[in-house]
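Asks: Based on these hints, arrange chain W on the given structure of chain U.
Protein chains: 2
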Amino acid sequence: MLSIPSGYRFSSVYAGIRKVEKDDLGLIVSDKPASAAAVFTQNRVQAAPVKLCRKHLRSSRGHVKAILVNAGNANCATKSGDSVAESTCSTLAAKLKAPLEQMFPASTGVIGVELDPKLIVRALPELIKGLSADRFEDLSKAIMTTDTVPKTASREYTVGGKTVRIAGMTKGSGMIMPNMATTLGFIVTDVEVAPAKLKRMLDQSVAASYNRISVDGDTSTNDTVVVLANGASGAPADGEFQKALTEVLEDLAKQIVRDGEGAKKLVTIDVEGIVDDAGAEKIARSIANSPLVKTAIAGSDPNWGRILSAAGNAGVPFDPMRADIWMQGVAVCTGGLATDFSEDELKAKLDERECAIRFYVRGRGKGAARFWTCDFTEDYIKINASYRT
Amino acid sequence: MLSIPSGYRFSSVYAGIRKVEKDDLGLIVSDKPASAAAVFTQNRVQAAPVKLCRKHLRSSRGHVKAILVNAGNANCATKSGDSVAESTCSTLAAKLKAPLEQMFPASTGVIGVELDPKLIVRALPELIKGLSADRFEDLSKAIMTTDTVPKTASREYTVGGKTVRIAGMTKGSGMIMPNMATTLGFIVTDVEVAPAKLKRMLDQSVAASYNRISVDGDTSTNDTVVVLANGASGAPADGEFQKALTEVLEDLAKQIVRDGEGAKKLVTIDVEGIVDDAGAEKIARSIANSPLVKTAIAGSDPNWGRILSAAGNAGVPFDPMRADIWMQGVAVCTGGLATDFSEDELKAKLDERECAIRFYVRGRGKGAARFWTCDFTEDYIKINASYRT
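Order-wise, the sequence lines are chains U and W.
Reminder that position 328 of the first sequence reads as 326 in our numbering, one-by-one numbering, no gaps.
Reminder that position 2 of the second sequence reads as 0 in our numbering, one-by-one numbering, no gaps.
Isolated chain U, as found in the complex (with noise of 0.2 Å):
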């Protein structure tokens, strides 16, 4: 059961951008402004709604009162792109009676396609009228692309006697590597709270979660996360709050991982030992997105050597021959070589739907990371070899 927060309202329709008539165009109300923070893809390719939410955060000073997505489309590398992002947004104000500059709009799916906003535009009026404090998971199901689960999460804690609720939906399977922000997530809470400490808070939360995960290595023109913080429940931000939104949004990336496109298994993989936490990190970062080691889980082959070697490519200093790695909690190297393991009773511990991977340098270094990425299996081919037809 999740833990809405109360002051938000929660729409979507079928407005019939993408071809399967399935919801595609969802919508998200703060009754009153509320402060926002958002981080966007490091992709030098932005799409056209990620540009206008930079713009309107400026001019508004981090105050949003609606979240606009499609689905379907990406309104990116088109023509129209701009204009289709500002009309729609414009005629949403009008209707909301709100300040354009308070609308974020955001789209996912196809690059390069003209998006029509009379598709937009005609749905805006039952998307409206859909409006209801309990649709938050109705939602999260129409902002889903090539994902097979809808992906919420939410944390509540009391302070002072105050309860802060923190709610949040995402999507994503594919084109996942962050760079800052990855795919799209919206997360509302009625903690109060500044947009520039929003800021800072939602800025070190990603840090920890979107940006540690990895799906194919690809960061895409769309990545979006945003967070909306009504006041509603007259509890300032504290560090119970960005402990309570970094598990939110941990637990919405590992989501988008575990439905990795064609992936069966969630890895967790840590590295420490490392001179510091940012070599930790490409470390962790290279594991993650070697094609051989995530093929390897895939089979439930404890093949190790593939993992020493993705660590090495990351170009960052350690003596291989102090190197221990475990999978699955079994020591398979130490010291840079293979223990006498237990092959077969490994491979059958590599068959469970959680991988974990551990990579230690032995040594003074106190550097450390956790990343999580997904196996590779012959589905996620069959999924984009064939995505647009």
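These are calculated hints, taken from the structure and not from any lab test.
It cannot be assumed that every hint is accurate.
Copies of the same chain look alike in the list, so a pair counts if it works inside one copy or between any two.
Said to hold, decoys possible - List of simulated lysine-lysine pairs, DSS-like, C-alpha gap at most 30 Å:
no., residue 1, residue 2
1, 17, 345
2, 77, 364
3, 241, 280
4, 116, 93
5, 262, 380
6, 95, 195
Replies: Relative to the frame of chain U, chain W by itself:
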């Protein structure tokens, strides 16, 4: 018909290193010690033979009498790795009555499994007995692992009445993304050249060939490309030699990509109009390594948005609104926007065995790069999920 330089002999036998009874041990002997130059993997984890080759090249001041190569075991990350490489080279040197430091060992296969030196030592007499000037192609088969075809190339040219011959063989199909060199490549020539100059020429040719290919973005622990020059032609190494060496290396490198694990198509990527060559190479590499681009090509899907997005991920500045993209010579994106190309016609063209992608940024940038990769099919996963088992 290959053009093999005189003064070299080749041999291969089955030593029992791999399970399948197929030659797995090979030898190249130069009648007189040859000038030698080599490039090695940049992976932090380096196999025992790679470390020993570096040491031998230093102490022999760039002279090699024999190359001893095995398939089926990488001799990497094992307790006995260094001593296996040394003892087998030492036995070979004694039998060839040549200095130990002129022995050049190489290994390819699985990482982290002890290699029994007795298998090699026991096979040496038969291996040496089998040496012959016309067994170049037998040897090129013995070094194959997941390769489906042997890979050889040669060139010859005449200068001042003297004929120079260059013949090369290579192996490799997965774990391919060279940083400095990749996989195993053995080149023999009868040009006359000092080791230091040969190294500069090899570096230049490798930069335009082996360092411009990628199958899966992984760099192996054993990558080695070595060229031997025995001077038998009496002709010095000039610009003509450099050109022929690059041609041989490019020919071999493209054969590796064409035989990429599970690959059905060779993809040539040209990037132009970037601020410098290094930036163009980064963009080309980013496109070549994108699983989404590679799966789209497998599915003959003209999904150019993925190419634009992959270019945007390279970390190199360019204006997406000035980007033009061609696939199979068809303009699919002009100034960052879709053209009105016929999707059906282009799909048919993408069914061909070779695919050409051109990414051009309009402006004054003179940086350009060419890169080769392959498509990404379900068979890559099949091969790698069960390589050891």
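Asks: If a hint holds in the structure, say so; if it doesn't, say that too.
Replies: Hints and how they fare:
no.: 1; hint: 17 to 345; result: between (42 Å within a copy, 21 Å between copies)
no.: 2; hint: 77 to 364; result: between (50 Å within a copy, 27 Å between copies)
no.: 3; hint: 241 to 280; result: within (24 Å within a copy, 38 Å between copies)
no.: 4; hint: 116 to 93; result: within (15 Å within a copy, 82 Å between copies)
no.: 5; hint: 262 to 380; result: both (14 Å within a copy, 15 Å between copies)
no.: 6; hint: 95 to 195; result: within (28 Å within a copy, 75 Å between copies)
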